[in-house]
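Quick note, the sequences are listed as chains A and B, same order. Just remember that this note's numbering sits 284 ahead of the position in the first sequence, which is counted from 1. Just remember that this note's numbering sits 604 ahead of the position in the second sequence, which is counted from 1.
A couple of the hints might just be wrong.
[As the list claims (entries may be wrong)] Ranges of calculated distance between the beta carbons of each label pair, as one might list FRET restraints:
1. B:D793 <-> A:F415: 38 to 46 Å
2. B:S750 <-> A:A303: 25 to 33 Å
3. B:K751 <-> A:H299: 27 to 35 Å
4. A:V370 <-> B:K751: 41 to 49 Å
[Claimed, not checked] Some chain B residues judged to face chain A by a derived CB distance under 8 Å, without partners named:
5. E650
6. L672
7. V673
8. L689
9. F697
10. Y698
11. T712
12. R713
13. A721
14. R724
15. T729
16. A730
17. I733
18. A739
Worth flagging that the hints you see were computed from the coordinates, not collected in a lab. Using N, Cα and C, we set each Cβ at its ideal position, and we do this for glycine too.
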Amino acid sequence: MRSPDAAIVQRAPLHPLLAKELREIVSGRALWTMLLILCPLVGYSFWQAVLLYGEASAAARDAPVLASGLSPLDGVLVPTFGALYVAVTLLFPFVAIRSLGREKETGALRLLLQLPYRVPTLIAAKMTAIFGAWLVALIPAASAVVIWAMLGGHLYVPEAANLVLGHLLYGLLVGAIALFAASISESSATAAIIALAFTIGSWVLDFALAGQPGALEWFSRLSLTQTLRTFEQGLLSPGLLLGVMAAICGFAALSAVWLHPGVPPRTRFMRSIACVAAVAAVLALATQVRTSVDLTEDRRNSFPAADQRALAGLREPLLVTVRLAPEDPRYVDLRRNVLAKLERALPDVSIRLATSGQSVVGSSSDEAYGEIEYSYAGRADKSRSTSPREILPLLYALAGKPTPPPGTGEEYPGYPLVADGRWTLPWFLVGLPLLIVIAWWRSRRPPQIPAQLINKGGQA
Amino acid sequence: MTGSTAIQSDRTAAYAPALMEVSGVTKRYGEQRALAGISFAVNPGEVLGLIGPNGAGKTTLLEAIAGLVPVDGGRILWRGTSPALPHRREFMFYLPDGLRPWEDEYVTRVVEFFAAAYGRPASITADAIGALGLAPVLRKRVGALSKGYGRRLMLALALITPQPLLLMDEPFDGFDLRQTREIMAVVRDVARNGRTLVLAIHQLIDAERVCDRFVLLADGRVRGVGTLAELRARTAMASAGLEEVFLALT
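Just need the whole structure built from these sequences, with the hints factored in.
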């Protein structure tokens, strides 16, 4: 409804709001504290990773075949960014909560809601500020990557960028959860408890339920940390991307639903249900997207190119029946070396665990335990191997196709590096923290007052 | 008094037609009734005082009008039509009591943020800063302000906003006698310049000095609406002050 009496406040500029939200996060101690804690965490992880990578590289000098197993992604990047993951899990919620929690506690939210911004705009601005805070939190890990390059370490940009993307999505997801927690809580402390229940609860899910059969295994997939696993393996999965984005948008939308105190509770509940239903629908859709791109330089998630092409031509459904307990190390090997790659290479693969509910100990007397049966086009064969070298010929035989000749020149060379990473510790323990303290001090300096504001602004 | 009757009698005042009408607003917190069918009208350019003791429902009523609290019943009409909740902020700005927002921000940044959000020219911001004497604290953090300057900052933010109706909760709290008079002069000046003000005040002496008309509230109910003269006539107390009238009607 418009009226000549209404103030012309329909389209407020975004930049003042964005600047305010960024200042709100930067002016709090949470971000700076997290940064200072991140420095030694990332620094020690990086130093340890470089040290261990160097020891493995020294061994590879004497046995060059070992060099092909040396990938900077596994050896250096994933452990270094692991420190960022810990900080984002435990500390980032406090940073994100500040963007809303203080405004709720001080009553500033009641002013903010009257400004000419729509509630979704307010939430989007806060999410942008949270993204900015995550970028700042990335500085120690980013500096570790730069140091790695300076040490002469190899970087394969697609897999490194994919890893950073995974951490970004995880950070935004934690931020969105924290924002939602702040929107439904009256105090920052309560919001922190709710947000940490999500993040630490995910750890519990990981430790307690991962590898468990049946529904427990499905339940463990709800863990937030599962978001990162695929990216750490060097896979870019559009389905996962869609699912995580839907979850981030869902929590942000729920924050918007619960932000305005003037909306009746019944309306909020109805909108929340609609929001959850929409996100659930997108998540269901995302689970149907099975394609993924292997961005690793060593193509660890794929069979050799010739096999990939040959397997893509097997159009009949392949049924794999596995008689192994999920916690059996052989199953873990089989899953990583064969099954996961088959799922990516073949158009139609079904995998069935025939030992659901059984443990390794309980199944040891069963003679069939350990067998893996492959059924394709009405024919079946069994194997106990977990190696693709034995299983792929078996599959080609079932399909009546010849085994493709191995390709040449696609072997991963590996990137051994024996580097002296001792000097990196002073950077992470002294240099970078000092720069952070200086940046914090500079951020607290009073601003300049525009002359036109004080022309008439004398004493009362 | 029913909602329609209250508005009817209110319309007989010299200020018709009403800018805003509050009609039968009801609010409960569980078993507790905070507002019971509150109805009154606000006329353009006037300073209307919501008068009542602590717990009378003044703050709840202002928050309900501003749309910051969901109501159980009743309507807010602007020029006779009922704006949707998100549109109310186009007509009115509510300044809550006791706020100290964005404590880590510098005063100048808070003021500039409000001015930029509303696209207000620097001259209006400078006028607000000048009227409320904020210049000496512009480079201070909001959290470091004294109570008085904190209140001045909040009033400055309200003055910067462009909406035709200002709702203020206890605008004179935290000021000494001299400062209160200065702020009253600022408030009267705002009304003279065409804005309408609804002030929740529990100090009856302050209210009598600054308001044109009064809505007397007690226990979540309207006990009287009108100018002091009209309220005196209702109580047959020809020379009584607002205090005596209020006591007689509640």
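Could you tell me which of the numbered hints above are not met by this structure, giving the numbers in increasing order? Of the numbered hints given earlier, those the structure breaks are 5, 14, listed in rising order.
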